[in-house]
Each structure stands twice: as C-alpha cells, then as structure tokens.
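Asks: Top line first, the protein sequences correspond to chains A and B. In terms of the working numbering, the first sequence opens at residue 119 and continues consecutively. In terms of the working numbering, the second sequence opens at residue 15 and continues consecutively.
Accuracy of the hints is not assured; some may be wrong.
[To be verified] Below, a list of computed lysine-lysine pairs in the PhoX-like style, where the Cα atoms sit at most 25 Å apart:
| # | chain 1 | residue 1 | chain 2 | residue 2 |
| --- | --- | --- | --- | --- |
| 1 | B | Lys151 | B | Lys168 |
| 2 | A | Lys390 | A | Lys126 |
| 3 | B | Lys83 | B | Lys200 |
| 4 | B | Lys168 | A | Lys332 |
| 5 | B | Lys242 | B | Lys200 |
| 6 | B | Lys247 | A | Lys332 |
| 7 | A | Lys332 | A | Lys280 |
| 8 | B | Lys274 | A | Lys333 |
| 9 | B | Lys198 | A | Lys382 |
| 10 | B | Lys200 | B | Lys190 |
| 11 | A | Lys394 | A | Lys126 |
| 12 | A | Lys302 | A | Lys286 |
| 13 | A | Lys361 | A | Lys337 |
| 14 | B | Lys104 | B | Lys242 |
| 15 | B | Lys200 | A | Lys332 |
[What the hints assert, rightly or not] Partial list, computed: chain B residues near chain A (C-beta under 8 Å):
| # | residue |
| --- | --- |
| 16 | Cys56 |
| 17 | Gly134 |
| 18 | Thr186 |
| 19 | Gly287 |
| 20 | Ala319 |
| 21 | Thr323 |
| 22 | Arg324 |
Note that these hints are calculated values from the structure, not bench results. For glycine and all other residues, C-beta sits at the position ideal for the given N, C-alpha and C.
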Amino acid sequence: MRENRREKVYIGIDVGSVSVNLAVIGEDCRLLKKRYIRTNGAPINAVKTALTESREELETLYTVAGAATTGSGRHLIGHLIGADEIKNEITAHAVAATHYYDDVSTVIEIGGQDSKIIIIENNVVVDFAMNTICAAGTGSFLDQQSQRLGIDIADFGDYALKSVLPTKIAGRCGVFAESDMIHKQQIGYQKHDIIAGLCFALVNNYLNNVGRGKKIRDKIVFQGGVAANRGIIKAFSETLGKKIYVAEHYDVMGAIGAALIAMKSRRGGDEKSRYKGAACFDSDISSDAFECGACSNACEIISVTKDGKRLFNIGGRCGRYDYKD
Amino acid sequence: MLDSSNVRLAVPRTLLYYRYFPLWQTFFNELGVEVETSAPSCAAILKSGSRYAHTDSCLPIKLAFGHVKSLFDGGSDYMFLPRFFRLENKSYVCPKVIGFTDMVRCCVYPEKPALKRGEGPYIIDNLFDVISHSNEKVFCDIGSKFSSSAPKIKRAYQRGIERHDFLIRKRTSIFKNEILRKFKLKIGVLGHPYNVHDGYINMGLLGELNRRDALGITYEDMPSDDFKCDFSKFPSGLFWSFGREIYRSALYFMSGLDFKADGIIYLAPFSCGLDSILVTLIQNEARERNVPFLNLVIDEHSAKAGVITRIEAFIDMLSH
Numbered sequence: 119m120r121e122n123r124r125e126k127v128y129i130g131i132d133v134g135s136v137s138v139n140l141a142v143i144g145e146d147c148r149l150l151k152k153r154y155i156r157t158n159g160a161p162i163n164a165v166k167t168a169l170t171e172s173r174e175e176l177e178t179l180y181t182v183a184g185a186a187t188t189g190s191g192r193h194l195i196g197h198l199i200g201a202d203e204i205k206n207e208i209t210a211h212a213v214a215a216t217h218y219y220d221d222v223s224t225v226i227e228i229g230g231q232d233s234k235i236i237i238i239e240n241n242v243v244v245d246f247a248m249n250t251i252c253a254a255g256t257g258s259f260l261d262q263q264s265q266r267l268g269i270d271i272a273d274f275g276d277y278a279l280k281s282v283l284p285t286k287i288a289g290r291c292g293v294f295a296e297s298d299m300i301h302k303q304q305i306g307y308q309k310h311d312i313i314a315g316l317c318f319a320l321v322n323n324y325l326n327n328v329g330r331g332k333k334i335r336d337k338i339v340f341q342g343g344v345a346a347n348r349g350i351i352k353a354f355s356e357t358l359g360k361k362i363y364v365a366e367h368y369d370v371m372g373a374i375g376a377a378l379i380a381m382k383s384r385r386g387g388d389e390k391s392r393y394k395g396a397a398c399f400d401s402d403i404s405s406d407a408f409e410c411g412a413c414s415n416a417c418e419i420i421s422v423t424k425d426g427k428r429l430f431n432i433g434g435r436c437g438r439y440d441y442k443d
Numbered sequence: 015m016l017d018s019s020n021v022r023l024a025v026p027r028t029l030l031y032y033r034y035f036p037l038w039q040t041f042f043n044e045l046g047v048e049v050e051t052s053a054p055s056c057a058a059i060l061k062s063g064s065r066y067a068h069t070d071s072c073l074p075i076k077l078a079f080g081h082v083k084s085l086f087d088g089g090s091d092y093m094f095l096p097r098f099f100r101l102e103n104k105s106y107v108c109p110k111v112i113g114f115t116d117m118v119r120c121c122v123y124p125e126k127p128a129l130k131r132g133e134g135p136y137i138i139d140n141l142f143d144v145i146s147h148s149n150e151k152v153f154c155d156i157g158s159k160f161s162s163s164a165p166k167i168k169r170a171y172q173r174g175i176e177r178h179d180f181l182i183r184k185r186t187s188i189f190k191n192e193i194l195r196k197f198k199l200k201i202g203v204l205g206h207p208y209n210v211h212d213g214y215i216n217m218g219l220l221g222e223l224n225r226r227d228a229l230g231i232t233y234e235d236m237p238s239d240d241f242k243c244d245f246s247k248f249p250s251g252l253f254w255s256f257g258r259e260i261y262r263s264a265l266y267f268m269s270g271l272d273f274k275a276d277g278i279i280y281l282a283p284f285s286c287g288l289d290s291i292l293v294t295l296i297q298n299e300a301r302e303r304n305v306p307f308l309n310l311v312i313d314e315h316s317a318k319a320g321v322i323t324r325i326e327a328f329i330d331m332l333s334h
C-alpha cells in the first residue's frame, strides 16, 4: 500500500559523447534531480555512477513510472536499463525548450560532438539542422584547446570576456583554427584575445554551417554544455544582435526532454514501466565489439554481457544481431 | 571478333548502372553475351575502392573503383565502362563520371590498357554523346564486337529500349496507383541515382523511411512526361544532366500534381560539387513552398547513428 503513496517520477538520460546527463521529474514536471557526469569514454560506467548515486533516493522516495534515453548512446543504454522510449536528441531538446519557454523560436544547442539548430513555430519543430560530418566548433574542440592553453574549461568564458579586441581566428575547421591560434600566440597576442577570437570564430562557423538558411528569430534559447561558456554567449548575442536566453538547466536539457517524453508516453498507460533501475548494474556489465563474418560488410557488433552472459547485441546493417526483448 | 556464345561481360554495379542496367542487360543477352555484375556495395568493396581512387574523389566514385576491382579478376572477357558525356543537348554528366573510364585505366589496370585476353577484361569505352552520335549508333558500334549481323544488333537495341521503357512505365504506374497510398508520410528523396539507390552508401535510407511509415519517393517514380519544369531562370539551363533531373523531380515532389511531399531529403556525398550548389538551390525552393527540407551528408563513416538520428528527428518533426 505504501508504494502507491510514493511520488511517481520519470527519468530521462541523455547519453552524449562527452557527458551523461540524468534528469528526474515529478508528475508536475518539476525537476527533482539532475546529474551531469563526464563520459570519459565509458558511457555504461557513467550511467552506472549516475544511477547508483541516486539509487537510494529513487528507490525509497519515489516510484519510477517511466524512463527514456536520448543522445548518441541512447540505444546502448536504453536497452540496458529498459527504457520505455528511446528518442533522438533533436526531439528531446525541442520538447525541453518548449516546456520552459512557450514562446521559443530558435534553439541553439551545442554539445560535445554535435551542434544543432532547431526552429520552432507554435511549439512545433518546423526545421532543424545538425553539423555535417565534422565536429569542429563543438564542446570537445573547446575542451581540447583549453587543455592546450592550460586553462580550466570552466574559466574559458571569463577569459574571453576580458578581451577588448578579439583577434581573428579561422573557424572553418578545427585543425585550421588550432594552427591559426598557435600562430597568433607566437606573434604575441594575449591569451584572452585569442580565446575571445576563437569564440567569435566558432559562432560564425556555427551560423554559416549549421544555421545556414535558417530564420533565426526571437526568442533564442541556448542550451547544451557549451552554453556554460560566457564567451560564446557574448559572441552569439553580438553577432546576431539579439538577446540570448540561456536555459536554467542548459546542461541537462536533453535529459529533461527525455524525461518529459517518458512521462507523455507512460501517462494513462496501464502497462508497467520496463525500467529496471540501478539494479541492472548490480552485476558486472561490460561491452565488447566483434566483427560479424556473415557477409562482406564485416559490420562491427557491440555485444553487452552481464556476468559474462550475453545480454544483447547492437549494431550491424542487416539486423541479424538486433536487440530482441 | 570473339565467338559470342561464351563471351562474358562484366558490369560494375555502380554509377549509371542504377539507371540503365535493364537496357544493357537485355541488349547484351540478345546478342548472346553473358552479363555478370559485381555484388551489391559493401564495406569490403568500399575499402578496396578507396585504395585505388584519388583521395579527393567523392564517396560513390571510391565505391565505383571497388566494384570494378571486384570484377577485375573474375575472368570476364569485357568490362562495360562506356564514357557517358552528354545524355541530352546542352547538359553534361558529372566530370568524374565522364572520366571514370580513364581513371580506371590508370589506377586499376596495372600497366598498359588491356588489349588481349588475359590482361584483365577488355574495356568497352565507347563514348555516349548524343550531340555527335545517337545512342543507337553507339550501341551498334558496341554490338559489332559480338555480332556481324547489323539487323540483329539493331533488334537487340530495340528490345533493350522496350525493356527500359516498360520498367519505367510499370514503376510509375505501380507508384501512382498502389504504393503512394500505403504510407502515412511521403518524402521526396533527391540525389544522384547511384546514391539514392545504393543501400550501402546511404545506410539504407529508403528502408529506414519505410520502417517509420514514410515513403521515400525518387526521380524514377515520377511520370516522365506529365510534369514540365521551367529551366529558363538559369542562364545555362542548369549545366548538369543529373542536376536537371534532381531539380525537376524536386519541383514535381512539391507540386501537388499527384501528391504533395510532406518533406524533402537531399542525400549528398560530402565532396560532391554539384550537390553543394543544388542543395542550396532546392532548399530555397522548399522554403518558398513551406516544405520541410533535410540535407543528409554521407561520407565514409561506418556508424549509422548520425544518419538515423537525423532521419528520426525529421520524421518526428513531420508527424506533428
């Protein structure tokens, strides 16, 4: 009986290239909990950390009524934790943005490997674009440059704001940008002018590639990990000549969107959620890749095992190894 | 001239194969020539092709090299690699396609051009240029390698054309009368035929659409004569044959003549010069008509995740 009195919550997990984000929302859409954990090349471990840390809270105070995953690792983690919905990150980000801002027209989202623009009219996505095949100008490139300059990424934006005269940096390609930055540093430019220059270069690159041909209208909401960078925010608002709204929970908007999607799909349904909870990490979970030899495509298949026993496979073009319930 | 009763001809499953294979197959079979094609594109073919192609080649050309290479040691007598130059007045085939025969000669064939049996299949490299010779004349020249009877060759060509026309009519009629009604969403898929119809290169785009209750409609589905397209706003009338096709089908998909596309997907390899211009051109036309547009860029990535994310998001958007 007591179980029924616990508050129903919905979990969203955004399994991104650089971070894994967790959001827990209540029936009233309130954000009850958020976690931002660096992936460090091991998404399963990062999700395990996120869920194990919140385990007690989730299991004693709440009843998880639904769960959804998004992000580039959504299939792997979704199958593992028993997600009710596995959704692409465009939809997830749009759902979250429209939830917080009902008058949003443009969503700028810059994450670890992807950058996106989403155009919204009357709360409906009408157009979007993602960066093509190059990750220049996304979070991981900024990460790399901050390391090279010996500056904590958290201070990167403040450095940029110190600059009065940002120097010009070629932002078309990450490799060119780096050599351009090194050149400027060697001829005597100050670090903060170079960093501010990089911010403007990335913004221009974003607007010329991802934002090409898109109608960028107010209200503009900025989300994704890079929205922490005040230098980039400034560069956007100066270049566009418009106000940039940074979402309060900019770093976990994808996860919040996923949680909202989980709630929408589960609400009113009689079926029990498939969500397995942190318990699925009690055993030793590992993933391994192998090359399928059935045809000349030689697809790489990821095999996920639990205590040495195969749980499921993903990958491959033909579906031969596809996940089955 | 060889005894054509046991002559084998290799046709790489690439480039204009996707448009004309039924014609070619019928023509050669009528002359008693056995036609062998390469296997559908796969990772192994791309890997081998990338070794032979110049690094700045586009993805389909890299793949095309792989197809030729896979047929090279197959023991065929001939390799069918004609030069497609001008298929209609005032417009041209892409220069990489025109030059493909010569690139193959330089890169795949070890030393000199194969002239005798045993040096790799002999390349049939006749030039298709409708301005200097009719297609029929070119086919007659090709056919004379396999038969000395001019009427027989002519008949083989006629049969080939009939087959080609029959399949097009059949396809457009099935499309109009049956397939069009079966899916919730109708999506115009644009791109060169060797990208749109090669399921390996485009990560199974058409199938992925079908799985999501969406129909991918291609140039081949459109009725050939019903729809007129005005090219007069382009000073050069749009230079490239495939460009004309792509532009014309884009306008047809958005016309509402037989249907109105819910969205347009333009499938373009990263380094295609022609597509880079057309994408913008068609994106503008789509915006004017309020038709959602997605540009899918393909390259040598083997992971499907990026393409699937974009398709999924596009379908989600159209479903609302």
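Asks: For every hint, state whether the structure bears it out.
Replies: Hint-by-hint comparison with the structure:
1. Among the hinted pairs, B/Lys151 with B/Lys168 is consistent with the structure: their alpha-carbon atoms are about 9 Å apart, no more than 25 Å.
2. Note on A/Lys390 and A/Lys126: the hinted pairing holds, with a Cα-Cα distance of about 12 Å set against a maximum of 25 Å.
3. For the hint pairing B/Lys83 with B/Lys200, the CA-to-CA distance comes to about 38 Å; that exceeds 25 Å, so the pair is violated.
4. This hinted pair does not check out: B/Lys168 and A/Lys332 have alpha carbons roughly 54 Å apart, beyond 25 Å.
5. Annotation: proposed proximity of B/Lys242 to B/Lys200 holds, straight-line Cα distance about 21 Å (limit 25 Å).
6. For the hint linking B/Lys247 to A/Lys332, the alpha-carbon distance of about 24 Å falls within 25 Å, and the restraint holds.
7. Restraint check for A/Lys332 and A/Lys280: not satisfied, since their Cα atoms lie roughly 31 Å apart, outside the 25 Å limit.
8. As the CA atoms of B/Lys274 and A/Lys333 are separated by approximately 23 Å, the hinted pair is consistent with the 25 Å bound.
9. The straight-line distance between the Cα atoms of B/Lys198 and A/Lys382 is roughly 22 Å, inside the 25 Å bound, and the hint therefore holds.
10. Restraint check: the Cα-Cα separation between B/Lys200 and B/Lys190 comes to about 12 Å, which is no more than 25 Å; the hinted pair holds.
11. Distance restraint check for A/Lys394 and A/Lys126: the Cα-Cα separation of roughly 15 Å lies within the 25 Å cut-off, and the hinted pair is therefore satisfied.
12. Straight-line distance between C-alpha atoms of A/Lys302 and A/Lys286 comes to about 9 Å, which keeps the hinted pair within the 25 Å bound.
13. With a C-alpha separation of about 8 Å, the suggested pairing of A/Lys361 with A/Lys337 holds against the 25 Å cut-off.
14. The straight-line distance between the Cα atoms of B/Lys104 and B/Lys242 is roughly 17 Å, inside the 25 Å bound, and the hint therefore holds.
15. Between B/Lys200 and A/Lys332 the CA atoms are separated by roughly 23 Å; this keeps the pair inside 25 Å, and the hint holds.
16. The restraint placing B/Cys56 at the interface with chain A holds, with a minimum CB-CB distance near 4 Å, inside the 8 Å limit.
17. Below 8 Å, beta-carbon pairs count as interface contacts, and B/Gly134 has none with chain A, the closest being about 22 Å; its hint is therefore violated.
18. With its C-beta approaching chain A no nearer than about 29 Å, B/Thr186 sits outside the 8 Å limit, and its interface hint is violated.
19. A cut of 8 Å between beta carbons decides the hint on B/Gly287: the least distance to chain A is about 15 Å, and the hint is violated.
20. Evaluation of the B/Ala319 hint against chain A yields a held restraint, the C-beta minimum of about 6 Å falling below 8 Å.
21. Restraint check, B/Thr323 versus chain A: the minimum CB separation of about 5 Å is within 8 Å; hint holds.
22. Interface restraint check: B/Arg324 against chain A, minimum CB-CB distance 6 Å, threshold 8 Å, status holds.
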